[in-house]
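Let's have the full structure, built from the sequences with the hints guiding it.
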Amino acid sequence: MKKIKGKSVGLVWALVLGGVVLVVGAIGGTMAWLVDTTESVENIFTVSDIDITLQESTGNAYKMIPGLTITKDPFVQVLKDSEACYVFVQVDKSENFDTYMTAVIDTGTDKWIKLDGYDNVYYRQVEATGDDASEKFYLLENNQVSVKETVTKEQMDVLTESTYPTLTFTAYAVQLYGDGDHTIMDVSDAWDLVKR
2 MKKIKGKSVG
12 LVWALVLGGV
22 VLVVGAIGGT
32 MAWLVDTTES
42 VENIFTVSDI
52 DITLQESTGN
62 AYKMIPGLTI
72 TKDPFVQVLK
82 DSEACYVFVQ
92 VDKSENFDTY
102 MTAVIDTGTD
112 KWIKLDGYDN
122 VYYRQVEATG
132 DDASEKFYLL
142 ENNQVSVKET
152 VTKEQMDVLT
162 ESTYPTLTFT
172 AYAVQLYGDG
182 DHTIMDVSDA
192 WDLVKR
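Heads up: take any position in the sequence shown, counting from 1, add 1, and you land on the working numbering.
Derived from the structure by calculation, the hints contain no laboratory data.
In this text, a Cβ means the ideal position worked out from N, Cα and C, and glycines have one as well.
A hint or two may mislead.
Unchecked claim - Derived CB-CB ranges, DEER-like:
| id | residue 1 | residue 2 | range |
| --- | --- | --- | --- |
| 1 | 131 | 71 | 31 to 37 Å |
| 2 | 183 | 162 | 47 to 53 Å |
| 3 | 111 | 36 | 57 to 63 Å |
| 4 | 110 | 150 | 26 to 32 Å |
What the hints assert, rightly or not - With a straight-line cut-off of 27 Å between C-alpha atoms, the simulated DSS-like cross-links for lysine-lysine are:
| id | residue 1 | residue 2 |
| --- | --- | --- |
| 5 | 137 | 112 |
| 6 | 94 | 137 |
| 7 | 81 | 149 |
| 8 | 81 | 115 |
| 9 | 154 | 115 |
| 10 | 149 | 94 |
| 11 | 149 | 112 |
| 12 | 64 | 94 |
| 13 | 196 | 154 |
| 14 | 115 | 94 |
| 15 | 149 | 115 |
| 16 | 196 | 64 |
| 17 | 115 | 137 |
| 18 | 137 | 196 |
| 19 | 154 | 81 |
| 20 | 94 | 196 |
| 21 | 81 | 196 |
| 22 | 64 | 149 |
| 23 | 196 | 115 |
| 24 | 112 | 94 |
See below:
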C-alpha cells in the first residue's frame with residue numbers, strides 16, 4: 002500500500018506542477034506590457050534658389066560730348082527668398098571704349114572686389130534675403146561714365162553704328178556655401194562654376 006500511496010503522491014505533485022505551469026502560462030499570455038508611441042514628425046525639404054536682376058534706370062543709349070559726365074546707374078539686386086551667394090559682374094568694353102570713355106567700377110569699402118586673375122570680373126558676398134530683396138548693388142563709381150576731354154570731332158566722325166564704343170555688364174550668382182557644414186566656397190571655385 003505504501004507503494005501505491007507513493008505513486009499517488011508523485012501523481013499529485015505532477016498534477017500540481019502541471020497546473021502551476023498552466024496558470025503561469027495563462028498569466029504570461031494576458032499580462033499587460035508598458036508601450037508608448039510618439040506623434041510622427043514629418044521632415045519636408047523644400048527647394049532653394051538664387052534670383053538676381055541687373056537693371057539701370059538711366060537707359061542704355063547716350064550721346065558722347067567731349068568732357069561730359071553721363072549719369073549711368075547699373076545695379077544688381079538679389080531678389081527675395083534667395084540663398085546666400087556670391088554675385089559676380091563681368092564688365093566688357095569694346096576695343097575702342099577706353100579711347101573715348103572712362104568708367105570705373107565702385108571698389109570702395111564694402112563694395113565690389115576685383116577677382117584675382119581677371120581684369121574685368123568683380124564680386125561680392127550677399128547674405129540670404131528672406132522675405133525682402135537685398136539692397137541695390139551699384140556697379141559704377143558715383144553712378145557715372147565720362148567722355149574724355151581729348152575726344153575730337155574727327156574721332157567721332159569715323160564711328161559707325163557697328164563701331165560705337167560699348168560697355169556691357171553681365172551678372173551671375175553662385176551659392177555661397179560649398180558643403181554640408183556651411184563652409185564658404187572659395188571665390189575662384191565659385192567663378193569656375195560660372196565659366197562651365
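Hint by hint, here is what the structure shows:
Remark: the range hint 31 to 37 Å for residue 131 to residue 71 is upheld by a beta-carbon distance near 36 Å. Restraint check, residue 183 to residue 162: a C-beta distance of roughly 50 Å satisfies the suggested window 47 to 53 Å. Range check, residue 111 to residue 36: about 60 Å between beta-carbon atoms, so the 57 to 63 Å window is met. In this structure the hint that residue 110 and residue 150 lie 26 to 32 Å apart at CB holds, the actual value being about 29 Å.
In summary, the hint linking residue 137 to residue 112 is supported, as the alpha carbons are separated by about 11 Å, within the 27 Å threshold. Under the criterion of a C-alpha separation no larger than 27 Å, the hint pairing residue 94 with residue 137 is consistent with the structure, at around 23 Å. Between the alpha carbons of residue 81 and residue 149 the distance comes to roughly 39 Å, so the proposed pair goes past 27 Å and is violated. Taken as a hint, the residue 81 and residue 115 pair is honoured in the structure, with Cα atoms around 26 Å apart against an allowance of 27 Å.
Distance hint between residue 154 and residue 115 is unfulfilled; the C-alpha atoms sit about 35 Å from each other, more than 27 Å. As the CA atoms of residue 149 and residue 94 are separated by approximately 15 Å, the hinted pair is consistent with the 27 Å bound. A C-alpha spacing of about 25 Å is found between residue 149 and residue 112, which places the hinted pair at or below 27 Å, so the restraint holds. About 17 Å separates the Cα atoms of residue 64 and residue 94, which keeps this hinted pair within 27 Å; it holds.
Distance restraint check for residue 196 and residue 154: the Cα-Cα separation of roughly 40 Å exceeds the 27 Å cut-off, and the hinted pair is therefore not satisfied. Between the alpha carbons of residue 115 and residue 94 the distance comes to roughly 16 Å, so the proposed pair stays at or under 27 Å and holds. With a CA separation close to 24 Å, the supplied pair residue 149 and residue 115 stays within the 27 Å bound. Proposed proximity of residue 196 and residue 64 is contradicted: the alpha carbons are some 34 Å apart, above 27 Å.
In summary, the hint linking residue 115 to residue 137 is supported, as the alpha carbons are separated by about 18 Å, within the 27 Å threshold. Only pairs whose Cα atoms come within 27 Å are accepted, and residue 137 paired with residue 196 is accepted, the gap being roughly 25 Å. Between residue 154 and residue 81 the alpha-carbon distance is near 47 Å, which puts this suggested pair outside the 27 Å criterion. Pair hint residue 94 plus residue 196 holds up; C-alpha atoms about 19 Å apart against a cutoff of 27 Å.
The straight-line distance between the Cα atoms of residue 81 and residue 196 is roughly 25 Å, inside the 27 Å bound, and the hint therefore holds. Taking the CA atoms of residue 64 and residue 149, the gap is about 13 Å. The hint holds against a cut of 27 Å. This hinted pair checks out: residue 196 and residue 115 have alpha carbons roughly 16 Å apart, not beyond 27 Å. Of the supplied pair hints, the one linking residue 112 and residue 94 holds, its CA atoms being roughly 21 Å apart against a limit of 27 Å.
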